[in-house]
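Colleague: Chains as they are written, first to last, in my numbering: chain A, 1 to 285; chain B, 1 to 284.
There's no promise every hint is true.
A short list of chain A residues far from chain B (calculated; beta carbon distances all over 10 Å) [unchecked claim]:
#, residue
1, D105
2, L198
3, Q229
Footprint (simulated), chain B over chain A, 3 or more residues, beta carbon under 8 Å [claimed, not checked]:
#, segment
4, 14 to 21
5, 42 to 48
6, 93 to 99
Treat the hints as calculated values from the structure; they're not laboratory data. Given the structure is predicted, the values throughout are model-derived calculations rather than measurements. By construction, the Cβ of each residue, glycine as well, lies at the ideal position given by its N, Cα and C atoms.
Below are the chains, spelled out letter by letter.
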Amino acid sequence: MNTTSPSPLAQQQQALLHTLFARPGTAQADTAHTALLEQLAARHPQTARGLAAYRANGHALAERSLIAAYPVVAALIGGDNFAWLARDLWHQHPPRCGDLAQWGDALPGFVRSNPQLADVPYLGDVAQAEWALHQAAGAPDAEPDLSSFARLGQEDPQGLTFALAPGTAVIASPYPVASLVAAHLDKASSLAAAAQRLCEGIGEHALVWRQGLRPRIATITPAAAGLVQALLRGADLPQALDTACACADVNDDWDFSAWLTAAVTDGLVIGVHRPPTHTTTEHTP
Amino acid sequence: MPAVGIGWRPPHYAALLAQQPALGFIEVHAENFFAPGGAALAVLRQGRTHYPVSLHGVGLSLGSAAGIDPWHLDQLAHLVQTIEPVRVSDHPSFARGPDVHANDLLPVPLTHAALDALCANVNRVQDRLRRPIAVENLSAYVQWRHADMDEPAFLNTLAQRTGCQLLVDVNNLYVNALNAQLRGETGEPLHPCRHWLDAIHPAHVAELHLAGHAHCGDIVIDDHGSRVIDEVWTLYRHAVQRFGAVPTLIEWDTDVPALDVLLDEADRARSVALHALSTETLAA
Numbered sequence: 001m002n003t004t005s006p007s008p009l010a011q012q013q014q015a016l017l018h019t020l021f022a023r024p025g026t027a028q029a030d031t032a033h034t035a036l037l038e039q040l041a042a043r044h045p046q047t048a049r050g051l052a053a054y055r056a057n058g059h060a061l062a063e064r065s066l067i068a069a070y071p072v073v074a075a076l077i078g079g080d081n082f083a084w085l086a087r088d089l090w091h092q093h094p095p096r097c098g099d100l101a102q103w104g105d106a107l108p109g110f111v112r113s114n115p116q117l118a119d120v121p122y123l124g125d126v127a128q129a130e131w132a133l134h135q136a137a138g139a140p141d142a143e144p145d146l147s148s149f150a151r152l153g154q155e156d157p158q159g160l161t162f163a164l165a166p167g168t169a170v171i172a173s174p175y176p177v178a179s180l181v182a183a184h185l186d187k188a189s190s191l192a193a194a195a196q197r198l199c200e201g202i203g204e205h206a207l208v209w210r211q212g213l214r215p216r217i218a219t220i221t222p223a224a225a226g227l228v229q230a231l232l233r234g235a236d237l238p239q240a241l242d243t244a245c246a247c248a249d250v251n252d253d254w255d256f257s258a259w260l261t262a263a264v265t266d267g268l269v270i271g272v273h274r275p276p277t278h279t280t281t282e283h284t285p
Numbered sequence: 001m002p003a004v005g006i007g008w009r010p011p012h013y014a015a016l017l018a019q020q021p022a023l024g025f026i027e028v029h030a031e032n033f034f035a036p037g038g039a040a041l042a043v044l045r046q047g048r049t050h051y052p053v054s055l056h057g058v059g060l061s062l063g064s065a066a067g068i069d070p071w072h073l074d075q076l077a078h079l080v081q082t083i084e085p086v087r088v089s090d091h092p093s094f095a096r097g098p099d100v101h102a103n104d105l106l107p108v109p110l111t112h113a114a115l116d117a118l119c120a121n122v123n124r125v126q127d128r129l130r131r132p133i134a135v136e137n138l139s140a141y142v143q144w145r146h147a148d149m150d151e152p153a154f155l156n157t158l159a160q161r162t163g164c165q166l167l168v169d170v171n172n173l174y175v176n177a178l179n180a181q182l183r184g185e186t187g188e189p190l191h192p193c194r195h196w197l198d199a200i201h202p203a204h205v206a207e208l209h210l211a212g213h214a215h216c217g218d219i220v221i222d223d224h225g226s227r228v229i230d231e232v233w234t235l236y237r238h239a240v241q242r243f244g245a246v247p248t249l250i251e252w253d254t255d256v257p258a259l260d261v262l263l264d265e266a267d268r269a270r271s272v273a274l275h276a277l278s279t280e281t282l283a284a
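Could you build all of it, start to finish, from the sequences and the hints given here?
Modeller: Okay, here's the thing in C-alpha cells:
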C-alpha cells in the first residue's frame, strides 16, 4: 500500500484548491481558508481580495462553460437561476481536466436530484439531450460515402451495417424533449407546439446527430429509435430491422425505405460498411 | 520589425477570414480546439491556411505537483500535429490537484521545490511534443509566504534547465507591480518592471504579450478587456530594446471589441517596436 504523504508543495497547492472549491459559507470552507492563510503572505487585505478574484473567475468560467453546452436549460430556468446552478455544480462536481468543454456532464443527474427544480421534471432529460448535442458538435469528423450504398443491392445484408453521423445518440424521454430543445434552438420550431405536447404528457425519442458541422435534434418514432440504438450497439442490418419492428407502436406505420431516404438526405446515415468479424479461438479445458 | 499578431476569438472568426488583414500570426487558446472534429477545428484549419498560428495553453498546469494530465498532453500533441503551430506556450502556474482542475492560472511559490516540479513537467511536455515550448510570466493575486528566489531568476533557471523559451507578458508585469504598490511593498511601478525585464536573459525570450487590465479598487485584475495603456507601451518599448524584434501579441479576451480595434492596437505595437529598434540602432 502506498502511504507516501503529499509533498509540502503538493500540500500548498491543495490548500489553495480546497479553498477555491469549498462551498462558500461552509465549515469546510473556513477550515480550508485557515489552512491556506498559514501558507500565504497574508498580512495585507489584498490577499482576501485576490482569493475572491480567483473564486469569481471560477464562477464566471462555470457559467460561461455551462451555458455554451446548455443554452436551453438556461432559457428554461432563467439567467439568475442558471448562474446559481453553474456555481453549485462547480463546487459539487468540479472539473477534473483542463478543457472546460468536457465539464458539465453531471448536470442532467444534478438537476434531476435537485429538489428545488422538482417543478421542472423534464429539465434533466432536456439537459441530457443538450449534452448529446454538445458532444456531437466536437465528435470526430466523418465524410459521407455515398458510393457505398450500392452494396445494399449487391451483397448479403447479413453483416452489413450503416455508418452513422458523428455524435449520433438517442434519448428516450417521457417528456417532449426534442420538441422543447428544437423550439429554443431552431426558429422553425414552435415553442407553443412544444408546450402543448408537454401539457398533453407526450413523450418523445430524441435523435441527436451532426449533419456536416451542424448538430441537429429531431423527434423520431419508437421503431426508428430502436433501429438507431441497435446500430449504435453494433447490430447488422437484419438485426437492426428486427429491433425496429419489435419497437414499433401498433399505430406506427413505419417504412424502412422512406426512413432510409430521409436519413441519408439529413446526413444521419453516411454509408454502408461491413465491420471486420472477430474470430475467436475456442479453448477446451 | 517584429511579427505582430492578435488573439483570434469567436467574435472575429468570420471577420478575420473575410478581411485577411496583414498580421504576423494569430493566437488561439489550445484547449478551445481539443475536440477531435467539428466546427471549431474546421475554423482553425481555415485560419491556419492564411496565418501562422501560436497555440497558447491555459490548462497544462505546468507547475502542478500532481504532474501533467496525460489526457491533456495527448490532446495538445494531436493539435500540434494537426495545426503545426509557429509557437506553443503555457504558464508556470498550477490548477491541477489529485482530483480537480481549477482551470485558472494559480501561482506557484518561487521555491526550489516548485522549480523542480515545473522543470519536470516542462521536460515531459517538450519530450512529447518534440519541440520547445514558451512559458509565460503570470499575474498573481496571492503571494506565498516563502520564496527562494525572485521571479526573473526562477524563469531564467527554468529556461536554462529545460531549454524552454520564455514568453514575457508586459501587462502582467505591470499588473503585479501595481498590486505590489497597493500592498505598500513598492513605490512607482515602472521601475520594478524595468528591473524585471533587465534581469531576464534575452536569449530565452520568444514572444511578448500586450493587453489591458482593470482597476477594481484595492486590486488590479489582468482582464484583457481594454486597450493597452501608455505605461505598458513604455515598458514594451523597453522590452523591445532589450529583447529585439520578438513576435508580439495583442490579447483581448473580455468585452471583445470590433476587429478593427485589435488591428489598430497591432499597428501601434509595430510602430512602437519600430521606433524602439531604430532608437536602439542609433544608440549603438
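Colleague: At a Cβ distance under 8 Å, does chain B reach at least three residues of the segment 42 to 48 of chain A?
Modeller: holds (count 5)
Colleague: Examine each Cβ of chain B, and state whether all of them lie more than 10 Å from the Cβ of A/L198.
Modeller: 30 Å, holds
Colleague: Taking the shortest Cβ-to-Cβ distance between A/D105 and chain B, state whether it exceeds 10 Å.
Modeller: Non-interface label on A/D105 holds, nearest chain B Cβ at 14 Å vs cutoff 10 Å.
Colleague: Report holds if the minimum CB distance from A/Q229 to chain B is greater than 10 Å, and violated otherwise.
Modeller: 22 Å, holds
Colleague: Taking a Cβ-to-Cβ distance below 8 Å as contact, does the segment 93 to 99 of chain A have at least three residues touching chain B?
Modeller: Answer holds; 6 residues pass the 8 Å Cβ test.
Colleague: Quick check: do three or more residues in the segment 14 to 21 of chain A have a beta carbon closer than 8 Å to a beta carbon of chain B?
Modeller: This one holds; 5 residues, not fewer than the three required, reach chain B with a Cβ under 8 Å.
Checked against the numbered hints above, the structure breaks none of them.
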